[in-house]
Amino acid sequence: MSLFDVIFYLFAAFTLASAALMVVSKNIVHSAVGLLFSFFGVAGIYVLLAADFLAVVQVLVYVGGILILLLFGVMLTQRITSVDMRTGTLQLVPAILAVAGIFVILFRVIRTTSWNIVPEAEAQFIPTAEKIGYLLMTDFLIPFEIVSVLLLAALIGAAFIARKGT
Amino acid sequence: MEIPISYYLLLSGILFTIGVVGVLTRRNAIVVFMSIELMLNAVNLTLVAFSKQFNSLDGQIFVFFVMVVAAAEVAVGLALIVAIFRLKQTVSIDKINIMKW
Amino acid sequence: MLFNFATALVFLIFGGLFVLLNLGISRILQARNPHPVKISTYECGELPEGESWIQFNIRFYVVALVFLIFEVEIIFLFPWALVFKDLGLFAFVEMMIFVFILLVGLAYVWAKGDLDWDKPQSVPAPELSQSYEQKEVTETVDS
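Chains as they are written, first to last, in our numbering: chain R, 1 to 166; chain Z, 1001 to 1101; chain F, 2001 to 2143.
None of these hints come from the bench; they were simulated from the model.
Be careful, since some hints might not be right.
Unchecked claim - In silico DSS-like cross-links for lysine-lysine, where the CA-CA straight-line distance does not exceed 30 Å: (1) F/Lys2038 - R/Lys26; (2) R/Lys26 - Z/Lys1088; (3) R/Lys131 - Z/Lys1088; (4) R/Lys131 - F/Lys2085; (5) F/Lys2038 - Z/Lys1088.
What the hints assert, rightly or not - Stretches of chain R that chain Z covers, calculated by requiring three or more beta carbons in the stretch to come under 8 Å of a beta carbon on chain Z: (6) 14 to 25; (7) 32 to 39; (8) 101 to 110; (9) 145 to 154.
As the list claims (entries may be wrong) - Under 10 Å between C-beta atoms, here's a sample of chain F residues computed to sit facing chain R: (10) Phe2005; (11) Leu2009; (12) Phe2011; (13) Gly2015; (14) Val2019; (15) Asn2057; (16) Ile2058; (17) Phe2076; (18) Phe2078; (19) Phe2090; (20) Gly2105.
Keep in mind it's a predicted model, so treat the numbers as computed, not measured.
Where a beta carbon is used, it is the ideal one built from N, C-alpha and C, also for glycine.
Please build the complete structure, drawing on both the sequences and the hints.
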């Protein structure tokens, strides 16, 4: 087992443990912290998958942006000390059944499919930001411009909805 | 580099399942939202794993756009939750049922 | 590339260990005999009013929203900046269109007054001193 493998297993365990903490925690701020560590763990896995730029974007957008916005949502919508977030037991059994079904299907598919349809390329750990820049300016130019319209719509729409007295 | 792609897919599958657990069992709209983000992350992980497998950057670009859409989705979704909270003083998805017939 | 990230990982691990170690040492060495006055928020005698988890002003949300949207825009600027020299005017025009479309959003938020900060009205002085006296009274009753 090489150091690379050890780091992979560590990051995987870290990610899954934080995700589990997020789901089971009764305090919503603890949930947010669990989500933060989970995002960090996924960023680490991205590095191991030779996606360095995406790892940085993951930290910037998810940890620095989306999570902050979620925390603002928490602060804006409740008194944390008196939150009632109990799980309805009525829905627990169907939920467990559905989740177990989904997991079994995913597990079966992953185990039974032969993924090595192409010979696995030798992993090249070279910076990807420049190539992504080229692709954005050539092949993915239209999606790139449409993203700006999407962000504009999101900004105007969210500001409109959140505004007081409309 | 001996870790086969199926390990990454399995990790992604477990992460997705945890997200589904959160969506199905939690009653707080914001926690449901966080779980959806977790599921998006799991799918992103799959895309990056395949991107490495095929030695192509298309998967990474796709993840890039997914992240942008996730940011826009969180912005609008949380605005909706905040607006609903102002109207009904709760974010429990059991009590937000005016659209139910 | 992997080596650079390994540096970051080592930094993270040592940072975490440093925090845990310091908290652990202070946990071992500290004297613990809690007293209601000692564990109150301000030991100088100022009584805290209400919970520390208060509901934020909705205006913070719009500011956070503008931050998130423009952060995502910045993310697009990084790879563009790396290839800008090679692609020349074309890339420049494309990015200007991108930035301009998002600036429309900023102009909208600005024009609608979401970025204006209305200050809370200052509490008149007599009322303030009165409430302070009331608090003094309740404190004496409690003790």
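Problem set entry | Enumerated hints in conflict with the structure, sorted upward | Numbers 3, 5, 12, 13 and 14 - these are the hints that the structure violates, sorted from lowest upward.
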